[in-house]
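Residue numbers (the working numbering), protein chains in the order written: chain S, 39 to 460; chain B, 39 to 460; chain G, 344 to 754; chain E, 344 to 754.
Not one of these hints is a red herring.
If you anchor each label on the Cβ, the simulated ranges turn out as follows:
1. Glu562/E with Lys93/S: 29 to 35 Å
2. Glu68/S with Arg162/B: 50 to 56 Å
3. Glu562/E with Glu165/S: 51 to 57 Å
Simulated crosslink set (SDA-like; lysine to any residue; CA at most 20 Å straight-line):
4. Lys564/E with Leu83/S
5. Lys384/G with Asp81/B
6. Lys410/B with Arg700/G
7. Lys716/E with Gly265/S
8. Lys200/B with Val630/G
9. Lys564/G with Ile72/B
10. Lys384/E with Asp81/S
11. Lys519/E with Glu562/E
Calculated directly from the structure, the hints in this document are not laboratory data.
We treat Cβ as the ideally placed atom computed from N, Cα and C, and that holds for glycine.
Spelled out, the chains give:
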Amino acid sequence: MRSIDVFSRPLEYLTPLGEQVGEIIRDWVEREVIPYRRQFDEDYLEHRYILPPFKKLLGEYGIQRILFPEDLGGWGLGHSDYLCVAAFRMFEEIARADSGMAVAFGVVFWPLVLICCEPHVNRRLCEEFAPMFTSTTEPVFSCMAMTEPQGGSDIENMEVLKGSTIRTTAVRDGDEWVINGHKLWPTNTGGVANLMAVVCTTNPGSRNPDDIAIIFVPCDIPGVTQGPAYEKAGMAADKNGDIWFENVRVPLWYRACGPGDDARYYGEIVSMGNMGSIAFAVGVMLNIYEKLQEYVERKTYRGMPLKENDAVAGVLADFAATVEAVRIIGYQCARMCDRQDLYGPRWSPEIVARARAHRYFAADRALEAIGKVMNLMECFGADRDWDVEKHWRDIKMVQLWLGGKQLSQMEVARWFFECETL
Amino acid sequence: MRSIDVFSRPLEYLTPLGEQVGEIIRDWVEREVIPYRRQFDEDYLEHRYILPPFKKLLGEYGIQRILFPEDLGGWGLGHSDYLCVAAFRMFEEIARADSGMAVAFGVVFWPLVLICCEPHVNRRLCEEFAPMFTSTTEPVFSCMAMTEPQGGSDIENMEVLKGSTIRTTAVRDGDEWVINGHKLWPTNTGGVANLMAVVCTTNPGSRNPDDIAIIFVPCDIPGVTQGPAYEKAGMAADKNGDIWFENVRVPLWYRACGPGDDARYYGEIVSMGNMGSIAFAVGVMLNIYEKLQEYVERKTYRGMPLKENDAVAGVLADFAATVEAVRIIGYQCARMCDRQDLYGPRWSPEIVARARAHRYFAADRALEAIGKVMNLMECFGADRDWDVEKHWRDIKMVQLWLGGKQLSQMEVARWFFECETL
Amino acid sequence: MKDLELFIYPKNRLHQTDLDLAASLHDLAQREIVDKRLEFKEDYDKLLKPSLAKLMVEMGLQRMFWPESLGGEEHNGPEASYTVVAALEQVGRGDIGVSFLVAHSLALQAALAMRENLNQEACARFAPLFCEGKDPVIVSFLLPVFGDDGKAPAWRGKAFQVRAMSKNGVWKLEGKGVRPTCSGVDAQLFGAWCAVDGEDQPAFILVPGDASGITRGPEFKKTGLAASRNAEVNLAGVEVPAENCLFRGELEYRRLLSWFWLGLSATTVGGLLAAYQILKEWGDNRVIKGKDSVFKENPLTGALMGEIAQDISMSRLLAYDLAGILADPGTFGDAGSEGVNTYALMIVHQNLATAERAIHRTMELMASAGYAKEWQLERYWRDLKTVQCYLGSHELAKHDFSRWFYGARTL
Amino acid sequence: MKDLELFIYPKNRLHQTDLDLAASLHDLAQREIVDKRLEFKEDYDKLLKPSLAKLMVEMGLQRMFWPESLGGEEHNGPEASYTVVAALEQVGRGDIGVSFLVAHSLALQAALAMRENLNQEACARFAPLFCEGKDPVIVSFLLPVFGDDGKAPAWRGKAFQVRAMSKNGVWKLEGKGVRPTCSGVDAQLFGAWCAVDGEDQPAFILVPGDASGITRGPEFKKTGLAASRNAEVNLAGVEVPAENCLFRGELEYRRLLSWFWLGLSATTVGGLLAAYQILKEWGDNRVIKGKDSVFKENPLTGALMGEIAQDISMSRLLAYDLAGILADPGTFGDAGSEGVNTYALMIVHQNLATAERAIHRTMELMASAGYAKEWQLERYWRDLKTVQCYLGSHELAKHDFSRWFYGARTL
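Between the sequences and the hints, there should be enough to build the whole structure, so can you do that?
If you want it as structure tokens, here you go:
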């Protein structure tokens, strides 16, 4: 059988570090995750089975350190111009086994981007939080607290609403922020996260970007409460729940980038979130490719392997063509986020729009392709034992998050067609 | 309005020469083609209006020379490792105005690839044919004569049929080939071509690759007859017709690469044909983007430009996302064909399969997206004056040629899933 | 025609006269259009106009609804919906553009001469034109469009193309660069849904093509529908008598459109049946992969052919479902009710989208024969896409669906 | 239920008893399933089994076709097809899995007890189980599958899962790792389409779930259909009397499948109607873009909602079209004829594909509420996809379509 590495990606973009870590993760995935993943799927509330492999990957291998500067015990990837391509590879590898785990993994780094990456390295916060990640072999999780009960995807809709609907408040009191509010749905909640970045307003109702504050909050301080994990159609390894902030106090300098810059660099969170989403879709498809190869080779039709039937081969081809396409688009998206010198700043409306376009195009195609594979596999397509149905359930969420498809469409139209009132 | 240059492509792959020629062509297109293209569409039989701009581009600007070695009066692009990316840009620019012209243009170079590119430069044939292209300011056209009446896309189905169904024969007689047979559908027939490469068999019914011969035939020698151009749904600038060969005699050394190699490097013809097809689709979509911008800006709905309606914006976004995706895939395909050192020889079954996958994925998406734009434009979508319908008719052919979709699917399945009997 | 019977339709709801009409139209379409195509191509004068005359005048399609007393056939009960589908399937199989024109005529007849809502005055005025003349009467509509220059009055988000004002028993109409639904060059009768100056209620007004003040632009080039030689129409102070205003209500307007869309749904099925026949011949005879494999027996191409048949089957069922809905206003409501009208719009959009996909795939299967004019397939592809464009944007139609199903009010 | 009436169906063809049954089932499904979902989730014993019992026994769905003399309701004319659709729409709206099980039962009843083809002997033998017991009888089928281990005998390219041989008036069945269409854990009756050793003609044999030699594997985990607790079944030398062979002919087999697919088509519509109601509530109440914009009034989300309504409308029409075809064998042919069976397969595939698309889009509109269990939408998505998978590959079905429409013979 062909390996999963047959699918095209721009070889020019690969870096030794990214590929090396990719190999490490592949090995980890094959030993620690794939054999047990069907158990993980039942483990959404406890994460009893899910945590140990994360301890190995994040804590023992130390991958949770990668973004921090080298002198603080990190690997300095935040400073590199190949962070996203490397991340893409890592995400692919984990998502191949379990895209829920890939999300939980990715979100470890998501808020840290705001303090570890040029041109907005926040050295003081790096120094403050690096030890949390570098001085332990236990896994450490972050979370990006954005969505609020009343607003749906309003937070993600920054260009239109400009934060005016945010209800989580940060009020300055001396040299501290006092945070009050209610967030829901962030990955790595439900008790998982150790550190959060919370999107707040310093002036409710304001459309002034200066009033949007992204503030780091360690999860073990007084006033932070996390609810239990939601029950969802899939993605058991990605715990989502409510968080309540009640007079939570953190130092003023826990704000990520400062007035104006928090709003500006929020775009980076969106671009990179979209880039990562494509990687999850690709990882999932790579695993389905393996499963499908096995299926159409093992099952027969009129005495020949199923794959020798032209009609079946048509479905196989469409699936392969989709993986080719989505992977190429994904790597280009990652490269675009890496090489800001060539493509422009990744927080710009232009790059945000492109990344959203790439993501929703890719997710739509992936889901369509996976649906067809399930049908080809008849009852085995719906079977936990073949894992395809799990991927299908999981990847649907990848398509829906980050504000859903319609919001993406509006941002894409706004940029490419200069719409003004959407 | 945003320029057509907003759509993503890998900037790392661009070269000064390619971009420079691209600019020249854009200028030519805007002055010589776009203002007159609606006339061209009626000119399928005579090419009275179509030839003069070609004379300028190919003959006067001398672009017909580019593949030949510099010491033979060419620009040496055949030797470069950026031929395909440069070609992609050129094809995009021409297709933006008229994809039929882009095809006619592309096919000028198609058979020449067999004699001008490493590792199979045929110096003697280069010397023989270079003057035909370099010593005149008249446009010179080539053609690649493959399809035969009985076989449909059998010729393109080289991996399965291995040339066994070819009926055009080349019989050795002393130091000459004597060619007999009937070909149809090649681009630049109907009297246009000056030089043909003809796919023949030296041993009818054989499946031995050594027996497939690609032989160059100047069109003005005795025994070559071309029929009139077919009437087609579109692509007036791409003349297709029958060619009959009756005891046509050419020297033995007019064979492109020699026994075994003709069959082998035929894969290159297929890869590059597919790569070019994507470029045509992108070019067409770039022009539709311009037209669409104008349409949704100029037309209003409830007192606002149409584009400010969210439902319209959804269609606009889907179109933009498709252009993004298809263009990225196309450039990666071109790069893959260029950098054989990284991606492997472009005539290999692997690259042929990838290029076919990229092409049919891209063409399907493009056609779907264009169909939706037409519907959004209501009656103006079907209107010659808005040019979208012309592109739609033309691009359908891009999707259908090179053996059609099903053949592509079979090659893709064969390679990615190691099917053996398809 | 036996092959077309493989596609199930509610034969048990059709009268023998419908079946006979369909059979005659099948033969006529074959003889007068399909068989002459390679010779005459899309020639209007030699091919399309004569066959239109045969259908409208000889076969009597332009007399169908009008009262017998006025020379019509008075086939004007709601169950005529089945007749419309049975007829236009066959006409559409011959030529989509011709069928498109017939659908205009039948819709106007249904709006004026339907038994339950017979408009005596209008019938008396206009029936003779249809029932007595020896030439086909080409009817065209001037309807609101989606997207305008920002100046026209709007109706449900669409922009009126024609404005009317009533004075002293005379309607005066104004419209510049108006785009008719068909035949701007040839139409003898324009039905315009007009904004009325100073009033909220629009008016549907019939305008004779030769009225003073009407001028017509040059024929457009367009992707398909050669039978509809279209051109912009200008109405500069065109005056028509008060009786030419057929109705003012949305109910009547929607009734007209429901019947129009019924006709287009059936026309679309006709195109699909034609594509089926072309593909069947290809599948029977084309040999691929060397010598031993007939096209239809290959698992991949055979499966795609099956998928196309599925699309055609569903379209035919849906066109007849719409006929069934229009045939029984007691159960489903008036043809002009919002619900029935929504269904008519859904089904015609559904069928045109299905046809687009199915004919696209048929072309893909036939490769270059798919786009060569010789094989005749490509004209159905171009024609049906043009019908879809003229029908209007699916996005806007979806807003209508949302109004009905979700009670959306501001879309 | 009034909101569901917005979606047109041929009310004029339904009897009042059908409408009454549908209304009762609507209320029952609401009360016993939908309203209890948040509490019981997918609990088989607390939620699904009790509601199945209510439907099958109390409401009498498992007695519907059987002769009155045997305790059935003898609603066994072909027009019962309308009853099946009206009923399973409502059951499916409550729970797809429950409806899936009911569809099995109704198909078996139709195959044995249909007026025109009543199998006296089989009815006498099996009706009491359905008509006299107080528990729901869960019926499951053991059908050929697409793709096997290369050793099983094949039928139309599919592989039989069960082999049978007849000796001395006894059938002996063998099958290893057989995958039932449903309820491998719970079924009381398996209907197996078996290869018969040494003969070309297969046999459809009913096997009681407690027959000696039957063993059942552990329950599968699967993506949906919690009501069907499925497991592999092994048949090792299972012996049943000769009368348990219900038929040997393809005609009868196809008849069973046509009715089964009718039931699944209607079940699918039920899921779509449920999705409609969930989306409608969302569209009425969700506010986006700050404060002033209700979801359904936004042009983009409103259009998508309209598109979903279009999908639902077309599916409902097609399910009833199939009912209409089965209801009139005089016009369309026997339910087991190749043409009608092809239509049944086309429509069920069409509806399931439409449902997949429509519910996907509904989820997209509802974003995280779409996949949170709380909103109840996601289970229809998982359940209907599972039904589609169990129905079988669309590619293979298309080969069946090609056989009918193009006369393909070797696919």
